[in-house]
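Taken in order, these protein sequences are the chains called G and W.
Throughout, my numbering is defined as the position within the first sequence, counted from one, plus 1.
Just so we're aligned: 37 in my numbering is position 38 of the second sequence, and the numbers increase by one with no gaps anywhere.
Some hints here could point you the wrong way.
Claimed, not checked - Straight line, CA to CA, 30 Å or less: simulated DSBU-like cross-link-like pairs of lysine-lysine:
{"id": "1", "chain 1": "W", "residue 1": "Lys-89", "chain 2": "W", "residue 2": "Lys-55"}
{"id": "2", "chain 1": "G", "residue 1": "Lys-102", "chain 2": "G", "residue 2": "Lys-198"}
{"id": "3", "chain 1": "W", "residue 1": "Lys-69", "chain 2": "W", "residue 2": "Lys-40"}
{"id": "4", "chain 1": "G", "residue 1": "Lys-71", "chain 2": "W", "residue 2": "Lys-83"}
{"id": "5", "chain 1": "W", "residue 1": "Lys-40", "chain 2": "W", "residue 2": "Lys-83"}
{"id": "6", "chain 1": "G", "residue 1": "Lys-34", "chain 2": "W", "residue 2": "Lys-60"}
{"id": "7", "chain 1": "G", "residue 1": "Lys-84", "chain 2": "W", "residue 2": "Lys-87"}
{"id": "8", "chain 1": "G", "residue 1": "Lys-67", "chain 2": "W", "residue 2": "Lys-55"}
{"id": "9", "chain 1": "W", "residue 1": "Lys-83", "chain 2": "G", "residue 2": "Lys-173"}
{"id": "10", "chain 1": "G", "residue 1": "Lys-102", "chain 2": "G", "residue 2": "Lys-190"}
{"id": "11", "chain 1": "G", "residue 1": "Lys-164", "chain 2": "W", "residue 2": "Lys-87"}
{"id": "12", "chain 1": "W", "residue 1": "Lys-60", "chain 2": "G", "residue 2": "Lys-84"}
{"id": "13", "chain 1": "W", "residue 1": "Lys-40", "chain 2": "G", "residue 2": "Lys-190"}
{"id": "14", "chain 1": "W", "residue 1": "Lys-70", "chain 2": "G", "residue 2": "Lys-71"}
{"id": "15", "chain 1": "W", "residue 1": "Lys-40", "chain 2": "W", "residue 2": "Lys-87"}
{"id": "16", "chain 1": "G", "residue 1": "Lys-67", "chain 2": "G", "residue 2": "Lys-102"}
{"id": "17", "chain 1": "G", "residue 1": "Lys-102", "chain 2": "G", "residue 2": "Lys-71"}
{"id": "18", "chain 1": "W", "residue 1": "Lys-87", "chain 2": "W", "residue 2": "Lys-70"}
{"id": "19", "chain 1": "W", "residue 1": "Lys-70", "chain 2": "W", "residue 2": "Lys-83"}
{"id": "20", "chain 1": "W", "residue 1": "Lys-40", "chain 2": "G", "residue 2": "Lys-71"}
{"id": "21", "chain 1": "W", "residue 1": "Lys-55", "chain 2": "G", "residue 2": "Lys-34"}
{"id": "22", "chain 1": "G", "residue 1": "Lys-198", "chain 2": "W", "residue 2": "Lys-70"}
{"id": "23", "chain 1": "G", "residue 1": "Lys-190", "chain 2": "W", "residue 2": "Lys-60"}
{"id": "24", "chain 1": "W", "residue 1": "Lys-55", "chain 2": "G", "residue 2": "Lys-102"}
{"id": "25", "chain 1": "W", "residue 1": "Lys-55", "chain 2": "W", "residue 2": "Lys-40"}
{"id": "26", "chain 1": "G", "residue 1": "Lys-173", "chain 2": "G", "residue 2": "Lys-71"}
{"id": "27", "chain 1": "G", "residue 1": "Lys-71", "chain 2": "W", "residue 2": "Lys-55"}
{"id": "28", "chain 1": "G", "residue 1": "Lys-84", "chain 2": "G", "residue 2": "Lys-198"}
Hints are computed from structural coordinates only; laboratory data are not their basis.
Just so we're clear, the structure is a prediction, and the values are computed from it rather than from any experiment.
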Amino acid sequence: MFAIPHSIILSDCQTGAEVDGEIVLLDPALAKKSIDFAWWSDSSLANANLAGEEDRHWNWAAVVQKWRYKTYAECLALRTPDKAVQAAVIGLANGSSLLEKGQGCVIVERLATAPWNRESLVDEPRFRGSGTGLLLHLVCLSYQLGLGGRLSLFSFPTRDAIKFYENRGFVKTGETQDDMIHYELAEGKALRWLEQKGLR
Amino acid sequence: MATPKKKRDGDPVGVIGGCEIPAHLLRDLPENGSIQDPLDKQILRLINLHPHLSLKFRGAKLSDMDPPTKKLLLEDIQEALAIKPFRKSKI
Numbered sequence: 002m003f004a005i006p007h008s009i010i011l012s013d014c015q016t017g018a019e020v021d022g023e024i025v026l027l028d029p030a031l032a033k034k035s036i037d038f039a040w041w042s043d044s045s046l047a048n049a050n051l052a053g054e055e056d057r058h059w060n061w062a063a064v065v066q067k068w069r070y071k072t073y074a075e076c077l078a079l080r081t082p083d084k085a086v087q088a089a090v091i092g093l094a095n096g097s098s099l100l101e102k103g104q105g106c107v108i109v110e111r112l113a114t115a116p117w118n119r120e121s122l123v124d125e126p127r128f129r130g131s132g133t134g135l136l137l138h139l140v141c142l143s144y145q146l147g148l149g150g151r152l153s154l155f156s157f158p159t160r161d162a163i164k165f166y167e168n169r170g171f172v173k174t175g176e177t178q179d180d181m182i183h184y185e186l187a188e189g190k191a192l193r194w195l196e197q198k199g200l201r
Numbered sequence: 000m001a002t003p004k005k006k007r008d009g010d011p012v013g014v015i016g017g018c019e020i021p022a023h024l025l026r027d028l029p030e031n032g033s034i035q036d037p038l039d040k041q042i043l044r045l046i047n048l049h050p051h052l053s054l055k056f057r058g059a060k061l062s063d064m065d066p067p068t069k070k071l072l073l074e075d076i077q078e079a080l081a082i083k084p085f086r087k088s089k090i
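Please build the complete structure, drawing on both the sequences and the hints.
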């Protein structure tokens, strides 16, 4: 038996130092305390324009409660040593690949980084790597479940998002939902990403 | 003293998903209810995600197994699926 990677190395944007982020199970209590009550009331956002943030009204505690007992759902948070949640994700392991018909994948139900880590909101983000790290963690989960690392997600087509996904080999499948574009990472590209990160 | 690394901007991955997932992007698989034990969850997920395994491991009854036996079962399943260990524990 072997374990899936349980921590993510983050980059402190102020000092450049590396910080260990711990991946923990996200339950409704943690979601309520450290996301719903914490993220959008942070002092760093005092002068930020939050109107364009799609997740501003997400109720993480309610969403986690909905998914937490489903067999294929994985509700996770990334915490720094000060116990602050830097990012959170819900992945579903019963996804169906569009690129590789008949194959399964992990689909991202939702993922968000803490608003103080978004360069679109704050002049000085705190950490880099939290969202990308959780995404890569889901690729690991997909691999560990025999799904080849395949990953599927819906994203708004911002310039940064398009560049990020294309650089890693994600492919647009043509599906759309609520103005979001569906991307999929096929097995070959997923395994290459894992190899690039020294995970396999 | 270590040389500080160059300052970098925030994460390029901000928000993903949160929309309704179309039914055809999800597989209709058995649900096992609330499973507390992580080992049970991993084994059940693997068997449900790979139906051809259910025949090979049809004698497996988790409730009759102790943790070491479950770990052996998991190793057998991973070997059957050619899943190899990760090389490190940090991303």
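Proposed proximity, G/Lys-84 with W/Lys-60 (alpha carbon, max 30 Å): Not OK: W/Lys-60 and G/Lys-84 at ~39 Å, beyond 30 Å, violated.
Restraint status (C-alpha distance of W/Lys-55 to G/Lys-34 at most 30 Å): 45 Å, violated
Given hint G/Lys-102 paired with G/Lys-67 - CA-CA distance at most 30 Å: Since the Cα atoms of G/Lys-67 and G/Lys-102 sit roughly 28 Å apart, the hinted pair holds (cutoff 30 Å).
Proposed proximity, W/Lys-83 with W/Lys-70 (alpha carbon, max 30 Å): 15 Å, holds
Hint consistency between W/Lys-40 and W/Lys-83 [alpha-carbon to alpha-carbon, up to 30 Å]: Status holds; Cα separation ~19 Å.
Holds or violated: W/Lys-69 to W/Lys-40, with C-alpha atoms at most 30 Å apart: Between W/Lys-69 and W/Lys-40 the Cα gap is close to 11 Å, so the pair holds against 30 Å.
Pairwise hint evaluation, W/Lys-87 against G/Lys-84, where the allowed Cα distance is 30 Å at most: 23 Å, holds
30 Å Cα cutoff - pair W/Lys-40, G/Lys-190: 27 Å, holds
Pair hint G/Lys-102 and G/Lys-198, alpha-carbon separation not exceeding 30 Å: 27 Å, holds
Distance restraint between G/Lys-34 and W/Lys-60, which requires alpha-carbon spacing of 30 Å or less: Distance of about 39 Å is beyond 30 Å: violated.
Distance restraint between G/Lys-198 and W/Lys-70, which requires alpha-carbon spacing of 30 Å or less: 27 Å, holds
Pair hint W/Lys-89 and W/Lys-55, alpha-carbon separation not exceeding 30 Å: Roughly 33 Å separates the two Cα atoms, so the pair is violated.
Against the hints set out earlier in the document, violations occur for numbers 1, 6, 8, 12, 21 and 23.
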